[in-house]
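Novice: Here is how the chains run, residue by residue.
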Amino acid sequence: MGEHLNLHKSMDTMVRRFSGKLLLRQEIPLDDNHFKWLLASSYFTPVPAIQRKLFFYQCRRCGNAKRSLIGMMPCAVCHKTHPYCRKCIEMGRVTTCEPLYQWTGPDASWPAYDDALTWHGELTDAQKKAAERVVKAIESTERKLLIWAVCGAGKTEMLFPGIHQAIRTKKRVCIATPRADVVRELLPRLQEAFSTVPIEALYGGSKDKEATAQIILSTTHQLLRFQDAFDVLIIDEIDAFPYHADPSLPYAANRARKPSGTIVYLTATPRKRQRLLIALNLLPHMFVPIRFHGHPLPVPRLQMCFALQKGELPQAFLTWCKTRKNPQRQLLIFVPTVELAECLAKKLALFFKQENIIDDRADLQSVHASDHAREEKVHRFRRKEIFILLTTTILERGVTFPSVDVAVLDAGHDVFDEAALVQIAGRAGRSPDDPDGEVVFFHDGKTESIVDAVRSIKTMNKRAGFSSL
Amino acid sequence: MHCLWCDTAIIPQINWHNVLLDKRQLLCTECAQRLEMLGGRRCRKCSRTSEKDVCSDCRAWNAYYDADDVLTFNYSIYTYNAFMQAILSRWKYRGDYCLGNMFAECFRQHFNHVFSFLPRDALIVPIPLSHKRLQERKFNQALMLARFLPGRKMHALTRIHGEKQSKKTRKERLLSTNPFQLQQAVHKPVVLVDDIYTTGTTVRHAAQLLRASGSPDVYAYTLIRG
Numbered sequence: 001m002g003e004h005l006n007l008h009k010s011m012d013t014m015v016r017r018f019s020g021k022l023l024l025r026q027e028i029p030l031d032d033n034h035f036k037w038l039l040a041s042s043y044f045t046p047v048p049a050i051q052r053k054l055f056f057y058q059c060r061r062c063g064n065a066k067r068s069l070i071g072m073m074p075c076a077v078c079h080k081t082h083p084y085c086r087k088c089i090e091m092g093r094v095t096t097c098e099p100l101y102q103w104t105g106p107d108a109s110w111p112a113y114d115d116a117l118t119w120h121g122e123l124t125d126a127q128k129k130a131a132e133r134v135v136k137a138i139e140s141t142e143r144k145l146l147i148w149a150v151c152g153a154g155k156t157e158m159l160f161p162g163i164h165q166a167i168r169t170k171k172r173v174c175i176a177t178p179r180a181d182v183v184r185e186l187l188p189r190l191q192e193a194f195s196t197v198p199i200e201a202l203y204g205g206s207k208d209k210e211a212t213a214q215i216i217l218s219t220t221h222q223l224l225r226f227q228d229a230f231d232v233l234i235i236d237e238i239d240a241f242p243y244h245a246d247p248s249l250p251y252a253a254n255r256a257r258k259p260s261g262t263i264v265y266l267t268a269t270p271r272k273r274q275r276l277l278i279a280l281n282l283l284p285h286m287f288v289p290i291r292f293h294g295h296p297l298p299v300p301r302l303q304m305c306f307a308l309q310k311g312e313l314p315q316a317f318l319t320w321c322k323t324r325k326n327p328q329r330q331l332l333i334f335v336p337t338v339e340l341a342e343c344l345a346k347k348l349a350l351f352f353k354q355e356n357i358i359d360d361r362a363d364l365q366s367v368h369a370s371d372h373a374r375e376e377k378v379h380r381f382r383r384k385e386i387f388i389l390l391t392t393t394i395l396e397r398g399v400t401f402p403s404v405d406v407a408v409l410d411a412g413h414d415v416f417d418e419a420a421l422v423q424i425a426g427r428a429g430r431s432p433d434d435p436d437g438e439v440v441f442f443h444d445g446k447t448e449s450i451v452d453a454v455r456s457i458k459t460m461n462k463r464a465g466f467s468s469l
Numbered sequence: 001m002h003c004l005w006c007d008t009a010i011i012p013q014i015n016w017h018n019v020l021l022d023k024r025q026l027l028c029t030e031c032a033q034r035l036e037m038l039g040g041r042r043c044r045k046c047s048r049t050s051e052k053d054v055c056s057d058c059r060a061w062n063a064y065y066d067a068d069d070v071l072t073f074n075y076s077i078y079t080y081n082a083f084m085q086a087i088l089s090r091w092k093y094r095g096d097y098c099l100g101n102m103f104a105e106c107f108r109q110h111f112n113h114v115f116s117f118l119p120r121d122a123l124i125v126p127i128p129l130s131h132k133r134l135q136e137r138k139f140n141q142a143l144m145l146a147r148f149l150p151g152r153k154m155h156a157l158t159r160i161h162g163e164k165q166s167k168k169t170r171k172e173r174l175l176s177t178n179p180f181q182l183q184q185a186v187h188k189p190v191v192l193v194d195d196i197y198t199t200g201t202t203v204r205h206a207a208q209l210l211r212a213s214g215s216p217d218v219y220a221y222t223l224i225r226g
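Residue numbers (my numbering), protein chains in the order written: chain U, 1 to 469; chain S, 1 to 226.
Worth double-checking, as some hints may not be accurate.
Said to hold, decoys possible - Selected chain S positions facing chain U (Cβ under 7 angstroms, derived; list incomplete):
{"no.": "1", "residue": "22"}
{"no.": "2", "residue": "94"}
{"no.": "3", "residue": "95"}
{"no.": "4", "residue": "113"}
Read the hints as simulated data drawn from the structure, not as lab findings. No residue lacks a Cβ here, since even glycine has one placed at the ideal position from N, Cα and C.
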């Protein structure tokens with residue numbers, strides 16, 4: 001917002017910067033005169049920011065209509081009381097007296113890249129089938145498509161032909177995911193695969209903010225600033241928090257796509273709603289049951305043990321640690337809460353040192369969502385500088401470690417729902433060199449989620465053609 | 001009811017007290033616990049927790065005004081902990097007006113308790129925002145706080161636009177020129193109301209003008225002691 005685009009900058013820059021967006025005045029870095037001129041010549045069109053419905057108000061930006069999240073504020077400028085949206089207030093306050101602005105000038109035109117795909121990897125047959133399906137959906141501008149691919153199926157690679165097809169036909173592409181971690185991890189991979197195409201990554205606190213590139217990588221939250229922007233919108237991990245829990249995000253996603261655009265959903269663990277839509281034939285889908293290295297998903301073993309919540313080390317877990325089949329593998333331990341992670345970290349470090357499993361206490365680390373060194377620790381774990389990582393559910397998805405054993409402590413806790421457990425189990429055996437890994441759920445009583453997770457993993461293996469494992 | 005801060009549903013206990021008096025809980029128990037009140041031994045003049053009767057800052061101020069500090073004393077309620085910082089940033093800077101309501105009850109109660117000695121004709125003067133800042137934020141948090149209080153309010157001051165206080169260093173604040181202008185002379189005791197007392201510069205700038213115009217005593221009543 002600090003820098004002001006000057007009047008002489010070509011229309012083209014502005015078209016790229018503002019088309020397909022829904023912005024507050026403060027998000028448009030133009031001086032007042034210039035802006036007024038653009039408004040008068042209807043390059044920008046004001047849109048009422050809060051809509052009045054019969055019984056409630058609705059925020060135009062995030063779709064929020066919840067009573068407790070629409071506040072009333074006496075405005076000192078117009079001396080009236082306005083409703084304003086409290087839900088998306090972190091992105092700038094939306095009130096009745098300030099409209100949102102939509103670009104209604106000329107449409108942005110995007111170049112066609114003929115040979116942009118600089119990725120030369122090989123897709124497996126299963127991946128190829130899914131990739132072709134995505135290409136077909138984009139070609140024939142289908143509205144929706146769900147790709148249901150098991151953990152470790154190589155979802156990102158499957159998208160490359162589709163993205164390639166889109167930018168070859170002058171289309172604009174956005175890949176959105178609920179988590180900023182995943183955006184950061186995806187960016188280098190995508191830049192490598194399309195090295196000649198400008199790609200921009202948007203997340204809270206990202207360096208790029210202008211969103212003028214043809215390929216946009218973004219968190220689903222950032223989609224709140226877009227309207228009719230993308231020909232192809234790919235939403236990764238639709239079952240992840242917060243996308244499935246926050247109605248604003250699907251609202252924003254549907255708006256960010258052009259009316260003629262395609263949305264491709266990706267997931268490894270569809271929620272009930274999507275499974276229902278699939279069963280009713282209302283959502284076209286493609287199932288990829290097999291991992292890219294052709295081995296089945298590791299089926300979790302259940303182990304009953306007590307003293308899980310108390311912060312003591314359960315005996316069954318210690319025994320398992322000592323008798324793992326392949327003690328060379330790194331160990332990824334999931335715990336339900338931050339407190340438990342911190343409390344167990346010290347005790348475990350001591351235990352592993354006594355058992356000579358690790359040489360130094362620093363070989364065991366714990367991470368959680370508000371840990372500042374989180375990215376660095378994950379990096380070090382991947383480089384095998386840390387042998388054991390104790391984590392909350394933040395590492396349940398989107399991260400790949402080549403060779404790990406996975407343990408879940410207190411798997412019966414509420415934070416571990418079915419999707420989370422399937423994802424966690426999917427962290428093991430992701431490398432073709434070490435395609436299986438042990439997954440053990442330690443619990444003090446089976447919950448529905450545990451049973452469902454195991455059953456759904458077995459079903460997926462069955463559908464992939466691995467009989468009764 | 002939903003918590004003003006985290007929007008989880010609050011299930012109120014129904015008893016005669018809250019049925020008859022319509023006392024609504026605005027924060028959930030967890031969030032309410034994270035607000036931390038100033039306690040223990042405090043400086044008599046600026047409300048900060050201090051072992052001494054009058055802290056070194058206030059003595060320095062007193063010396064600065066030749067043993068006649070323009071501010072009689074400041075009273076604050078909450079500490080400026082991480083949670084309060086988050087609240088203030090959303091309430092004041094992001095502009096979530098409704099968040100301020102969580103302080104209404106407490107702010108009024110403490111006022112009645114602490115300033116009970118004041119004569120009835122005492123005035124409440126909220127610290128104003130500059131015109132430009134008001135256009136940006138569309139409400140003045142100090143005025144919002146002042147409205148919670150009983151008694152006559154008066155807009156005795158205006159403010160000339162300048163850099164935000166929170167963006168300045170301590171030294172810059174202490175050396176800054178007086179940003180306020182007096183609108184009308186005041187001959188009554190005054191309670192200045194603001195959201196936060198950090199170095200005390202702002203309220204003293206205001207107090208200086210009010211004292212010069214004829215007010216016998218100027219007090220400050222602030223929500224937070226930074």
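Novice: Next, verify each hint and record whether it holds.
Specialist: Against the structure, the hints:
no., hint, in the structure
1, 22, "violated, 18 angstroms"
2, 94, "holds, 5 angstroms"
3, 95, "holds, 4 angstroms"
4, 113, "violated, 28 angstroms"
When the structure is compared with the earlier hints, violations turn up for hints 1 and 4 and for no others.
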